[in-house]
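Protein chains: 2
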Amino acid sequence: MKKHNFNAGPSVLPQYTLEETAKAIFDYAGTGMSLLEVSHRGKEFEATMSETVQMFKELLNIPENYSVLFLGGGASLQFCMVPYNLMNKKAAYLVTGEWATKAHKEAKLFGEAVEVASSKDKNFSYIPKNYVIPQDAEYFHITTNNTIYGTEIRYDMDSPIPLIADMSSDILSRPVDISKYVMIYGGAQKNFAPAGVTFVIIRNDMINKVSRQIPTMLNYETHIKNNSMFNTPPCFAIFAGLQTLKWLKNLGGVAEMEKINLKKANLLYDAIDNSKIFVGTTAKEDRSIMNVCFVMKEQYKPLEEEFSKFASSKGMVGIKGHRSVGGFRASLYNALPLESVQALVDCMNEFEKMKA
Amino acid sequence: MKKHNFNAGPSVLPQYTLEETAKAIFDYAGTGMSLLEVSHRGKEFEATMSETVQMFKELLNIPENYSVLFLGGGASLQFCMVPYNLMNKKAAYLVTGEWATKAHKEAKLFGEAVEVASSKDKNFSYIPKNYVIPQDAEYFHITTNNTIYGTEIRYDMDSPIPLIADMSSDILSRPVDISKYVMIYGGAQKNFAPAGVTFVIIRNDMINKVSRQIPTMLNYETHIKNNSMFNTPPCFAIFAGLQTLKWLKNLGGVAEMEKINLKKANLLYDAIDNSKIFVGTTAKEDRSIMNVCFVMKEQYKPLEEEFSKFASSKGMVGIKGHRSVGGFRASLYNALPLESVQALVDCMNEFEKMKA
Numbered sequence: 110m111k112k113h114n115f116n117a118g119p120s121v122l123p124q125y126t127l128e129e130t131a132k133a134i135f136d137y138a139g140t141g142m143s144l145l146e147v148s149h150r151g152k153e154f155e156a157t158m159s160e161t162v163q164m165f166k167e168l169l170n171i172p173e174n175y176s177v178l179f180l181g182g183g184a185s186l187q188f189c190m191v192p193y194n195l196m197n198k199k200a201a202y203l204v205t206g207e208w209a210t211k212a213h214k215e216a217k218l219f220g221e222a223v224e225v226a227s228s229k230d231k232n233f234s235y236i237p238k239n240y241v242i243p244q245d246a247e248y249f250h251i252t253t254n255n256t257i258y259g260t261e262i263r264y265d266m267d268s269p270i271p272l273i274a275d276m277s278s279d280i281l282s283r284p285v286d287i288s289k290y291v292m293i294y295g296g297a298q299k300n301f302a303p304a305g306v307t308f309v310i311i312r313n314d315m316i317n318k319v320s321r322q323i324p325t326m327l328n329y330e331t332h333i334k335n336n337s338m339f340n341t342p343p344c345f346a347i348f349a350g351l352q353t354l355k356w357l358k359n360l361g362g363v364a365e366m367e368k369i370n371l372k373k374a375n376l377l378y379d380a381i382d383n384s385k386i387f388v389g390t391t392a393k394e395d396r397s398i399m400n401v402c403f404v405m406k407e408q409y410k411p412l413e414e415e416f417s418k419f420a421s422s423k424g425m426v427g428i429k430g431h432r433s434v435g436g437f438r439a440s441l442y443n444a445l446p447l448e449s450v451q452a453l454v455d456c457m458n459e460f461e462k463m464k465a
Numbered sequence: 110m111k112k113h114n115f116n117a118g119p120s121v122l123p124q125y126t127l128e129e130t131a132k133a134i135f136d137y138a139g140t141g142m143s144l145l146e147v148s149h150r151g152k153e154f155e156a157t158m159s160e161t162v163q164m165f166k167e168l169l170n171i172p173e174n175y176s177v178l179f180l181g182g183g184a185s186l187q188f189c190m191v192p193y194n195l196m197n198k199k200a201a202y203l204v205t206g207e208w209a210t211k212a213h214k215e216a217k218l219f220g221e222a223v224e225v226a227s228s229k230d231k232n233f234s235y236i237p238k239n240y241v242i243p244q245d246a247e248y249f250h251i252t253t254n255n256t257i258y259g260t261e262i263r264y265d266m267d268s269p270i271p272l273i274a275d276m277s278s279d280i281l282s283r284p285v286d287i288s289k290y291v292m293i294y295g296g297a298q299k300n301f302a303p304a305g306v307t308f309v310i311i312r313n314d315m316i317n318k319v320s321r322q323i324p325t326m327l328n329y330e331t332h333i334k335n336n337s338m339f340n341t342p343p344c345f346a347i348f349a350g351l352q353t354l355k356w357l358k359n360l361g362g363v364a365e366m367e368k369i370n371l372k373k374a375n376l377l378y379d380a381i382d383n384s385k386i387f388v389g390t391t392a393k394e395d396r397s398i399m400n401v402c403f404v405m406k407e408q409y410k411p412l413e414e415e416f417s418k419f420a421s422s423k424g425m426v427g428i429k430g431h432r433s434v435g436g437f438r439a440s441l442y443n444a445l446p447l448e449s450v451q452a453l454v455d456c457m458n459e460f461e462k463m464k465a
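Chains as they are written, first to last, in this note's numbering: chain A, 110 to 465; chain B, 110 to 465.
Simulated from the structure, these hints should not be mistaken for lab results.
Here the structure is a predicted model, which is why all the values come from computation and not from measurement.
Some clues are possibly wrong.
Each pair may be met inside one copy or between any two copies, as identical chains are not told apart.
Pairs of lysine to aspartate or glutamate, EDC-like flavour, derived with a Cα cap of 16 Å [said to hold, decoys possible]:
1. K214 to D379
2. K111 to D136
3. K112 to D136
4. K429 to E415
5. K112 to D455
6. K393 to D382
7. K198 to D230
8. K423 to E330
9. K289 to E394
10. K211 to E415
My request is simple: use the sequences and hints to build the entire structure.
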């Protein structure tokens, strides 16, 4: 049976990425050796790293004065690296979900980490508006897509102070005006690569901003100066990421990708909005096109478990909602085909016909 | 032509590891989905993580009161995590090479990092002896194998204070008395897995040892409490590591592995010692069985480039010495077959017959 992979992350990747990485496990770049066995200092991997950086820059139209880094440790490590490198006394955080909360928590170790606004009052089901960003903070940190709650800041805001975004779960899903940000980072395991690599897009002047001493591996300067090769990088995940970028470029780039993503998201949201038994959990204007959260209406709630099993029997994988929201969550990352969304919608309609 | 992979890291892995990981890219644990696409919170990956920890513990005979962690960021990140977590005021370092120097440097950010002894005076060609470990230091840090210089501390020393070892390049190459150490760590990309995962063996009481606040991701307590799943782990590299452990167990475990490693190393060292043109670069009693460094004798030095090309034409890969030593380095990690060492020795003998 065909599986439809709605996992929230690690999650579906293009078939092209799977095939090319599997091939490279046996013969990488014509070396007759495995991608897993070659030196990161060899000319083949140097070329892979450089091509990955270049294609990342090309697809996201990243200006010349920014570096693209591929590091280990996960986006969670960035939660402390950001204030370690960029916060002397005060930073501002928009708290829109679990990951934003974690990022904010780490910043408190380094100075005054102001919560500019939070949507915790309504279980993070919306993006706060009309907040004031303190002019004396050194940066403003946002989480553009809230994987667990299904909300998204899907535009590039104007910030009076340097803007930093965690885009773990929506990078490469739409064109981004990089120049509005001083830094964008994220884990790879949604729209880019398998788990194990973190991308960092950082404006080159964002070094030497603090007076504290920074451990070498936590200092962005180290990685900018060494093109992410200060120590052995996660070679396999980077190579896999490059294949995804090639797939994306071939498909028409991020602008084309956004059109497809909107089509997928609209298909599912329309089904939810027209349903007698399902209902969305987030404010409509803040809906994520990557993670669609929905539950059953109050009178149908006892059927959630049954729908889970029904959907599973039809090949749907990973649609159980996070425990903080309950119900269902379908993650519609770049590599998820429209047919999978259609299959889920069909499944919802079929279930509804039986029950409502 | 058959390639003989003497890369210093990333380096040769068992064929079994390559085959099983390539298979899992298409169908992981019978899920019908890729290893690269499944949730780390799913029961399949939970089982992989747990089996990897268990087999690591079994093969190295790790006592019950130790945890085994698999983290991102590389051993270089551990250079700061060790003092961050374990050094209040004073720590002692044995400086035996480039990586030991880097570890020592990071510790200086956290307090008094005493250099107990160093072999820098002779380009790290030996392991210092008869040094005094300060009793009031909080731990003593050693690098058991010096990949670049080809020296190794191939026994488990008695230390009057807690002993911490970077075993990046010799873990799993011999039985280790884990109880002599409070912590052992290392990058995976030599004897264990592809680049992208770091193993940490840590005694469970090594938490809450310092008064400073530790960022969440840098705190060993976080990872011990969450079984390395606080954030998304490098799933692929961990799965690949498990395959290597299975291969090693099937081969007879680390005691059997050590016998094979000694046979390989002796074969090459004997060839060097009996050679008219080649000479080893390290003190004989400190020779590494993982990385064998040798150069040409003074009068033959101009032939080094020619030998490089000759060896390359015979399928030898990665035998160029590190720039700090020059000449040649053959890394004989666990997965390198005896036949490859024999091929290198044959190649050296053939060249010598032509030239000497």
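Okay, the hints, checked on the actual structure:
1. K214 to D379: Neither. Shortest intra-copy (37 Å) and inter-copy (58 Å) distances fail the 16 Å Cα cut-off.
2. K111 to D136: between (29 Å within a copy, 13 Å between copies)
3. K112 to D136: Answer is between; shortest inter-copy Cα gap is 12 Å, intra-copy 29 Å.
4. K429 to E415: Answer is within; shortest intra-copy Cα gap is 12 Å, inter-copy 63 Å.
5. K112 to D455: within (14 Å within a copy, 53 Å between copies)
6. K393 to D382: within (10 Å within a copy, 76 Å between copies)
7. K198 to D230: Classified as neither; 28 Å inside a copy, 44 Å across copies.
8. K423 to E330: neither (50 Å within a copy, 41 Å between copies)
9. K289 to E394: neither (22 Å within a copy, 60 Å between copies)
10. K211 to E415: neither (34 Å within a copy, 57 Å between copies)
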